[in-house]
Amino acid sequence: MSHKINIDDLIKNMVKEDGLETPPDGFLNKVMSSVVAANENPVAYKPLISKYILAAIFSGVVLIVFFIFGSGYQSKGNYPYLENLLNGIQAFHFNLEIPAYISYIVSSALIMLMIQAVLISGLYKKMHR
Amino acid sequence: MENKTDTIYIHRILSGDKGAFAYLVEKYQDMVYTLACKILGNKEDAEDAAQEVFVKCYRALKNYNGHASFSTWLYKITYNHALDILKKNTGKRHTIEWKSELEPDMMQHQYFDEKIDLKEIQLLLKEAIHHLSSDDQVIITLYYYEDLPLRDIAEIIGIRENNVKIKLYRIRSKLMELLKSKNEIISILNL
Numbered sequence: 001m002s003h004k005i006n007i008d009d010l011i012k013n014m015v016k017e018d019g020l021e022t023p024p025d026g027f028l029n030k031v032m033s034s035v036v037a038a039n040e041n042p043v044a045y046k047p048l049i050s051k052y053i054l055a056a057i058f059s060g061v062v063l064i065v066f067f068i069f070g071s072g073y074q075s076k077g078n079y080p081y082l083e084n085l086l087n088g089i090q091a092f093h094f095n096l097e098i099p100a101y102i103s104y105i106v107s108s109a110l111i112m113l114m115i116q117a118v119l120i121s122g123l124y125k126k127m128h129r
Numbered sequence: 130m131e132n133k134t135d136t137i138y139i140h141r142i143l144s145g146d147k148g149a150f151a152y153l154v155e156k157y158q159d160m161v162y163t164l165a166c167k168i169l170g171n172k173e174d175a176e177d178a179a180q181e182v183f184v185k186c187y188r189a190l191k192n193y194n195g196h197a198s199f200s201t202w203l204y205k206i207t208y209n210h211a212l213d214i215l216k217k218n219t220g221k222r223h224t225i226e227w228k229s230e231l232e233p234d235m236m237q238h239q240y241f242d243e244k245i246d247l248k249e250i251q252l253l254l255k256e257a258i259h260h261l262s263s264d265d266q267v268i269i270t271l272y273y274y275e276d277l278p279l280r281d282i283a284e285i286i287g288i289r290e291n292n293v294k295i296k297l298y299r300i301r302s303k304l305m306e307l308l309k310s311k312n313e314i315i316s317i318l319n320l
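Protein chains in written order, with the numbering used here: chain A, 1 to 129; chain B, 130 to 320.
Note that these hints are calculated values from the structure, not bench results.
Check the hints yourself; a few may be wrong.
Claimed, not checked - Mimicking PhoX-like on lysine-lysine, the simulated pairs with C-alpha atoms at most 20 Å apart in a straight line are:
hint	chain 1	residue 1	chain 2	residue 2
1	B	Lys303	A	Lys12
2	B	Lys294	B	Lys248
3	B	Lys185	A	Lys126
4	A	Lys16	B	Lys156
5	B	Lys216	B	Lys205
6	B	Lys309	B	Lys255
7	B	Lys191	B	Lys205
8	A	Lys16	B	Lys248
9	B	Lys156	A	Lys30
10	B	Lys255	A	Lys16
11	B	Lys205	B	Lys185
12	A	Lys12	B	Lys294
13	B	Lys185	A	Lys12
Okay, chain A solo, but in the shape it has when bound (with noise of 0.2 Å):
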């Protein structure tokens, strides 16, 4: 017997014929169990990066921004209350001159660090959805 036969309808009709494995009894009754189980003992997700590290790494930012003005403040005595300030910060680094070009890397990276940061948590929260 000589014919021509269809590969995809020859697959087709094997597979629906031999059918899906079936798991072995009492699969649902143990899926319930954990899934009861796991519902009185939920899962907590932490984030990848917590708020207080943001908060700390934001903080680092905003330090660094004001050493970068602080090392060369020339004062022109319309804001006291920041001269102050500024004073007290050159105070606490006793007059230690950091050159400008270290202050723009170190707060340029701190910046894209948080902003890496943020963009990663979001990206990891919609992977792992």
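Use these hints to put chain B onto chain A, whose structure you have.
Then chain B, alone, in the frame of chain A:
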């Protein structure tokens, strides 16, 4: 229609009716278990994996946004979870082979002349399918048994739709070659 029924049960589950989840488990347990078997290659591991998949699904149900059908979403969890277990057990990274360029006439139906009994061909085909890679078997099950569109299969396995098309073509070609070579052997033996 199927999607609407699933959506109704999902709403009930999210409202606190845990028993409604049993409906979804009963409906999809065979396919989830089958996919796990195909990837893990052993029934004990597949049973544990299938159980864990349903628990994962239950926990993640509040994040199900309805963009894909529930079955596609569930099968994707199954596929990824089974691969995680496989990686843990064997320590090997799972890679999917695919060609980057499109071959001509990808959806052309393939015919061949057969001089042997159709039942014998089906037996040969069954044996041949069991020797395919786990990914190929998963694609065959999703495409031919579940009648899922290529887009959904691509979503489940995590490759592009075009690559699913290429893989299906290669699977058909592989099976064709195998049947043809078996047929030649049988013809020789029957002389």
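**Message:** Of all the hints numbered above, which does this structure not satisfy? Sort the numbers upward.
**Reply:** Numbers 2 and 13, in rising order.
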